[in-house]
Each structure stands twice: as C-alpha cells, then as structure tokens.
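Q: Here is how the chains run, residue by residue.
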Amino acid sequence: KNQVEQSPQSLIILEGKNCTLQCNYTVSPFSNLRWYKQDTGRGPVSLTIMTFSENTKSNGRYTATLDADTKQSSLHITASQLSDSASYICVVRVSGTYKYIFGTGTRLKVLA
Amino acid sequence: SQTIHQWPATLVQPVGSPLSLECTVEGTSNPNLYWYRQAAGRGLQLLFYSVGIGQISSEVPQNLSASRPQDRQFILSSKKLLLSDSGFYLCAWSVPGTGGPGAVTGELFFGEGSRLTVL
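Going down the list, the sequences are from chains C and E.
Be aware that the first sequence starts at 834, since it is given in our numbering, and climbs by one per residue.
Be aware that the second sequence starts at 35, since it is given in our numbering, and climbs by one per residue.
There may be inaccurate statements among the hints.
Calculated pairs, DSBU-like style, for lysine-lysine (alpha carbon to alpha carbon, straight line, at most 35 Å) [said to hold, decoys possible]: (1) C:K870 x C:K834; (2) C:K834 x C:K890; (3) C:K890 x E:K114; (4) C:K942 x C:K890; (5) E:K113 x C:K942; (6) C:K850 x C:K942; (7) C:K932 x E:K114; (8) C:K870 x E:K114; (9) C:K904 x C:K932; (10) C:K834 x E:K114; (11) C:K904 x E:K113; (12) C:K850 x C:K904.
In silico negatives: residues of chain E with every beta carbon more than 10 Å from chain C [said to hold, decoys possible]: (13) Q40; (14) P42; (15) N66; (16) G75; (17) R76; (18) Q79; (19) L80; (20) G88; (21) S91; (22) R102; (23) Q104; (24) I109; (25) S112; (26) S120; (27) L124; (28) L142.
Simulated restraints on C-beta separations [unchecked claim]: (29) C:E838 x E:D105: 20 to 30 Å; (30) C:N888 x E:P42: 20 to 30 Å; (31) C:Q836 x E:Q36: 24 to 34 Å.
To be clear, the hints were calculated from the coordinates, so they are not data collected in a lab.
Don't be surprised by glycine CBs; every beta carbon is placed ideally from N, CA and C.
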C-alpha cells in the first residue's frame, strides 16, 4: 500500500532555532517527492521537489534531502521565523499515474 | 501568470441539501484539474481529476460528483450532503503534460480551499 508517514506530528520551537522534519514513504513506483507548506485555512504551496537522482536541494532557509535507498526525506529549516508557523506536508507522486500520496503533515509553531 | 480561484471560501449547509463548489484557472490552457478533500489529521484525499473537458476520473466512490463544463472550470457537486462530507476542499491544477503518466515533475498548484460544514 502506498503510504507517506511524517514525524513529528507537531513541533514547537523558538524563533531563530533550526528544526528538521521527517518523511518516510512506501510508494512505488516513485516519481518525485515534494514538500509543501500550508498556512492554516489556506491551500498548500510547494517548497521543493526532489527526483530520484537528487540528494539535497535548498530553497532559501529550507533544505530538503532525499535518500531513495531508505525511502526517507527530511526538511531542514534554518533560523526559523514566526512566519514559518504552518503545516509542512510531504507528497510523493506515483510514477505513471496522476496520483499523489500525501502525508498527514507536521504542524510547526514558532514562538517569539 | 497563472492563478486559481475557488469559491465559496466557507459554506454551512444542512444535511440533505445540495452542494456546488467552483474552481477556475486563469493563464493556462488545458490544465489537469483536481479536487481534494482534507480531513483533520489526515492527508489530502484525491476525489476527482480531469485531463480535459468532460473527462472526469473518480478516485473514491461517494456522495460527490464533478464536472468540467469548460476548459478551465471544475465543479464539485452533491445532490444531498451527508454529515461525513464536512471538510476542507481543495482544487488544484497542474501543467498539461507534466502531471500525467510519464511526466517527471507535475507540481500541483492549489486554490485557497473551501471549508464545508454540514449540520
């Protein structure tokens, strides 16, 4: 069964601190993996995309990693800001289909 | 630039009443269109997707239906709402040729969502 699991479920950190969110997936065949940021009551917005051959990709203070062998990905946020408070969703696309498998997300709260 | 509009933003409906959520995309032609539902504590669930006018694929058998009367318009409907239909509904689009089988990328661009509460 295609699944995407994320941890932790929720996280509280102080402004300026770093954090790492985890994503484990069992999706086959694998096409790509994206991290989305979803503000409360809004639609998700893509942060990064990782294809099979990519290990690391950065987008400003966000750095995503992918280990295709262990089927794990992480999203590292550096020097967190209050505006980083949101849910972060890991999404894996099933190759050869229109299907995207969504994780349940990690709810991050950054405190001043 | 491409934009996606979804409405209404919030809706409170009694059980048994009809539903119509509308989504339109601007700035692109023949987009792939999707309807998702997001329940609390669960990942987004694909309800319908469409690769062209009148072409609708359903992923989950349920009380809902979808239609695509125009190239960039996608409508989610129900004749009689159930309590279990409550949730956050998201419309999304992807660039044609990138979101389908064989494509590598296929970023999903989401609308702002519609919060449906069935009482």
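Q: Given the hint that K904 (chain C) pairs with K932 (chain C), test it: the Cα-Cα distance must not exceed 35 Å.
A: Given that 35 Å is the threshold and the Cα spacing comes to 18 Å, the pair holds.
Q: For S91 (chain E), is the shortest beta carbon distance to chain C beyond 10 Å?
A: violated (8 Å)
Q: Against chain C, does R102 (chain E) keep a CB gap of more than 10 Å to every residue?
A: holds (14 Å)
Q: Please settle this one: Q104 (chain E) was flagged as non-interface, so is its CB more than 10 Å from every CB on chain C?
A: holds (20 Å)
Q: Check whether the Cα positions of K850 (chain C) and K942 (chain C) lie no farther apart than 35 Å.
A: holds (12 Å)
Q: Between the alpha carbons of K890 (chain C) and K114 (chain E), is the straight-line distance 35 Å or under?
A: violated (46 Å)
Q: Please work out if K113 (chain E) and K942 (chain C) have their alpha carbons no farther apart than 35 Å.
A: violated (39 Å)
Q: Taking only the CA atoms, is the gap from K904 (chain C) to K113 (chain E) under or equal to 35 Å?
A: Distance ~42 Å between K904 (chain C) and K113 (chain E) Cα, so the pair is violated.
Q: Need the status of pair K834 (chain C), K114 (chain E): alpha-carbon distance at most 35 Å?
A: holds (32 Å)
Q: Would you assess whether S120 (chain E), listed as outside the interface, keeps its beta-carbon beyond 10 Å of every beta-carbon in chain C?
A: The claim stands: S120 (chain E) keeps its Cβ more than 10 Å from every Cβ of chain C (closest is about 15 Å).
Q: Taking the closest pair, is the beta carbon of N66 (chain E) still more than 10 Å from chain C?
A: violated (7 Å)
Q: Would you check whether the claim that G75 (chain E) is not at the interface survives, using Cβ distances to chain C and the 10 Å cut-off?
A: violated (6 Å)
Hints 3, 5, 11, 13, 15, 16, 17, 18, 19, 21, 27, 28, 29 and 30 from the list above are not met by this structure, while the remaining hints are.
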